[in-house]
Amino acid sequence: MKFTRRDTILIAAGATATAMLPMRAFAAGEDEIAAFTGGAAIGDSGVTLTAPEIAENGNTVPVEVNAPGAVSIMVLALGNPNPGVCTFNFGPLAGAQYGSTRIRLSKTQTVTAIAKMADGSFAQASSEVKVTIGGCGG
Amino acid sequence: MAENVTPRVRVPSSAAAGEVITIKTLISHVMESGQRKNSDGTLIPRSIINRFTCDFNGQNVIDVTLEPAISTNPYFEFQAMVPEAGTYTFTWYDDDGSVYTDTKDIAIG
Numbered sequence: 001m002k003f004t005r006r007d008t009i010l011i012a013a014g015a016t017a018t019a020m021l022p023m024r025a026f027a028a029g030e031d032e033i034a035a036f037t038g039g040a041a042i043g044d045s046g047v048t049l050t051a052p053e054i055a056e057n058g059n060t061v062p063v064e065v066n067a068p069g070a071v072s073i074m075v076l077a078l079g080n081p082n083p084g085v086c087t088f089n090f091g092p093l094a095g096a097q098y099g100s101t102r103i104r105l106s107k108t109q110t111v112t113a114i115a116k117m118a119d120g121s122f123a124q125a126s127s128e129v130k131v132t133i134g135g136c137g138g
Numbered sequence: 139m140a141e142n143v144t145p146r147v148r149v150p151s152s153a154a155a156g157e158v159i160t161i162k163t164l165i166s167h168v169m170e171s172g173q174r175k176n177s178d179g180t181l182i183p184r185s186i187i188n189r190f191t192c193d194f195n196g197q198n199v200i201d202v203t204l205e206p207a208i209s210t211n212p213y214f215e216f217q218a219m220v221p222e223a224g225t226y227t228f229t230w231y232d233d234d235g236s237v238y239t240d241t242k243d244i245a246i247g
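Protein sequence lines, in the order shown, are assigned to chains Z and H. Position 98, counted from 1, in the first sequence is what the numbering used here calls 98; the numbers after and before it change by one each time, with no gaps. For the numbering used here, add 138 to where a residue sits in the second sequence, where the first one is 1.
Isolated chain Z (complex conformation) (with noise of 0.2 Å):
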């Protein structure tokens, strides 16, 4: 197959945006962290997520966060459309910083929580689940 110059220009340009679109995503994601943290320095230690390795059916992944001494804690489906999933906010009556609830994730990959600590500092987790079909429909 011979390449003209009109068909290198079409494949650069489709590449181009191929490149784009998980790029996009993970902008948004970035832009929802940024609005969480107000742009502050995230620790690794102080929070656990909990998610299964393997999905079988990403309609329903159940998810557990917990983080002692957590305000608020965040979270992310990066990989998702839209990369928010929720947000816990406890209240002074709460027994535990901890919740768990059941998410939808559209194909492989990273879960990510947040957590904001009482003192003000953050906190970050993250699991990489494996979706074998996806939840987004389609």
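Simulated from the structure, these hints should not be mistaken for laboratory data. Check before you lean on any hint, since a few could be wrong.
[What the hints assert, rightly or not] For lysine-lysine, the following DSS-like pairs were computed, each having C-alpha atoms within a straight-line distance of at most 27 Å: (1) K107/Z / K130/Z; (2) K107/Z / K175/H; (3) K130/Z / K242/H.
Being a predicted model, the structure only gives us computed values, none of them experimental.
Model the placement of chain H on the given structure of chain Z, informed by the hints.
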């Protein structure tokens, strides 16, 4: 429109003062994500529950912001401290403006 929305909550009927209990909640709701298309290719508009709160005698226990990535029939499990006998109020806020509530009493003993 969300139809047949039924909240279900499990709270122990009694606890010791100061004890930490586990509360489980489930509400039947389609949680339409706004990503799916129907058979003729048009996007089904988003219709989800966007906020869930639990209060005990007027004091907040947990306040959760939900996004479309929460599964159909949103389930939450969390822990609450019981300072005295009283009533738990659970509230779900729908995108369409509906508010669903459920209450559960707890005794000390």
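Structure-based check of all given hints:
1. The straight-line distance between the Cα atoms of K107/Z and K130/Z is roughly 7 Å, inside the 27 Å bound, and the hint therefore holds.
2. This hinted pair checks out: K107/Z and K175/H have alpha carbons roughly 18 Å apart, not beyond 27 Å.
3. For a cut-off of 27 Å, the pair hint linking K130/Z to K242/H is broken: about 38 Å separates their Cα positions.
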